[in-house]
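Student: Chains as they are written, first to last, in numbering that gives the first Met the number 0: chain A, 0 to 153; chain B, 0 to 153; chain C, 0 to 153.
If you are wondering where the hints come from, they were derived from the structure by calculation, not from laboratory data.
If you're wondering where the values come from, they're calculated on a predicted model, not measured in any experiment.
Check before you lean on any hint, since a few could be wrong.
Chain copies aren't distinguished; within one or between two, either way the pair holds.
As the list claims (entries may be wrong) - Below, computed lysine to any residue pairings styled on SDA-like, alpha-carbon distance capped at 20 Å:
{"#": "1", "residue 1": "68", "residue 2": "122"}
{"#": "2", "residue 1": "68", "residue 2": "98"}
{"#": "3", "residue 1": "68", "residue 2": "19"}
{"#": "4", "residue 1": "68", "residue 2": "129"}
{"#": "5", "residue 1": "68", "residue 2": "13"}
{"#": "6", "residue 1": "68", "residue 2": "93"}
{"#": "7", "residue 1": "68", "residue 2": "0"}
{"#": "8", "residue 1": "68", "residue 2": "1"}
{"#": "9", "residue 1": "68", "residue 2": "130"}
{"#": "10", "residue 1": "68", "residue 2": "32"}
{"#": "11", "residue 1": "68", "residue 2": "30"}
{"#": "12", "residue 1": "68", "residue 2": "147"}
{"#": "13", "residue 1": "68", "residue 2": "14"}
{"#": "14", "residue 1": "68", "residue 2": "123"}
{"#": "15", "residue 1": "68", "residue 2": "6"}
{"#": "16", "residue 1": "68", "residue 2": "125"}
{"#": "17", "residue 1": "68", "residue 2": "5"}
{"#": "18", "residue 1": "68", "residue 2": "145"}
{"#": "19", "residue 1": "68", "residue 2": "26"}
{"#": "20", "residue 1": "68", "residue 2": "132"}
{"#": "21", "residue 1": "68", "residue 2": "3"}
{"#": "22", "residue 1": "68", "residue 2": "83"}
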Amino acid sequence: MRSHTRYLTFETPERRQFVRITDDVREAVAVSGVEEGMVLVSAMHITAGVRVNDDEPGILADTLEWLDKLAPPSWREPANDVARELGPDPGDFRHHRGGGEDNGDAHWKNLLVHHQVVLPITAGRLDLGPWQAVFYAEFDGGRPKRLVIKVLGE
Amino acid sequence: MRSHTRYLTFETPERRQFVRITDDVREAVAVSGVEEGMVLVSAMHITAGVRVNDDEPGILADTLEWLDKLAPPSWREPANDVARELGPDPGDFRHHRGGGEDNGDAHWKNLLVHHQVVLPITAGRLDLGPWQAVFYAEFDGGRPKRLVIKVLGE
Amino acid sequence: MRSHTRYLTFETPERRQFVRITDDVREAVAVSGVEEGMVLVSAMHITAGVRVNDDEPGILADTLEWLDKLAPPSWREPANDVARELGPDPGDFRHHRGGGEDNGDAHWKNLLVHHQVVLPITAGRLDLGPWQAVFYAEFDGGRPKRLVIKVLGE
């Protein structure tokens, strides 16, 4: 059995941002020498996620807008009345009451997006469909955040 | 270590549809000869998902209806005012502006449902609870779509 | 290759409740002797989930409240008008019509939260970020429910 571990660190300029990491995952698979196996790609934070989808700027922007409705921030005005009613009731997140925190919405976005994916490796290559790209999804950026890539197989 | 890979192709008559694939996964596990391990079941498209839940027609229909509210299509009237407000603002998906695309909602449903599951294999069998069934979740059907099953273990 | 399997059973007093299980997962990893690998933590029910997030009581309470808006129960009044419109249309879940069932919302919460996570093992230890805790998420409690932990690696 072979295994390989790699860590990435992100410090995104935007508070919420998708960062394409398909090539980093491919490189970790190549270095591992694994021909048949799986690779786990996992955010090490509770306010970020990992997702596989289309690397098309329109859908990425659509998705960030939509996530702000389903999991609304309390650090700015809700996008509309539905976002307002989906927010904490009443007022602000319990999570913010101790003071210092304002990222409750990032915990919710982490739930919707999920913090990890597992991808197949076949014949030494990342076995993705033609439109599948891997993204790190930052929801509380502007500071260093880590991600782990773990390759396992033979 | 043993591994086994199998691809399935779906071309569903419905645009959105759940297809039960538990037996396909069981068969791949049996063929692999793996006694202890994991099996990854992963859609190879960005407008489909894989999910484990109850094979009960009522909850499957409930869930498709609900996903059309949370992740509303723009190719038909929103189900109600909440669906309308959760849709792209204003009007249509940025993803559709280049022309040709109308499946932005399928990308969002892929996010909610996720494109993959990992299932345990114990004593040579798929180790599911009594009500757990595996489904391919199509959100933009009517054309061939692929899924990969990757078994890993010993 | 090494593998190790452990089952946990929960019978929560609350209908919906998060139960921290990080130490159970750590113990399974230690017993397995695996130095490099992955551990799958998976609910064996269709009305429960597994999630990694912050063990902070405020965000856990915020999240249960929010899930009751996104995936509203029909066994009590909707939290507000948005929750009402996100519920089954009209009236109750198709899933409840056969009689005996009232847990349609728990199936939907299972979809949002997901029933499993895969976690990395590095140098014999569960390789989590500093704030990452593992939770069993019960959405239809008060009866025995099972979860499986499967460790795989070398």
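Student: Which hint numbers doesn't this structure obey?
Tutor: Those not satisfied are hints 1, 2, 3, 4, 7, 8, 9, 10, 11, 12, 14, 15, 16, 17, 18, 19, 20 and 21.
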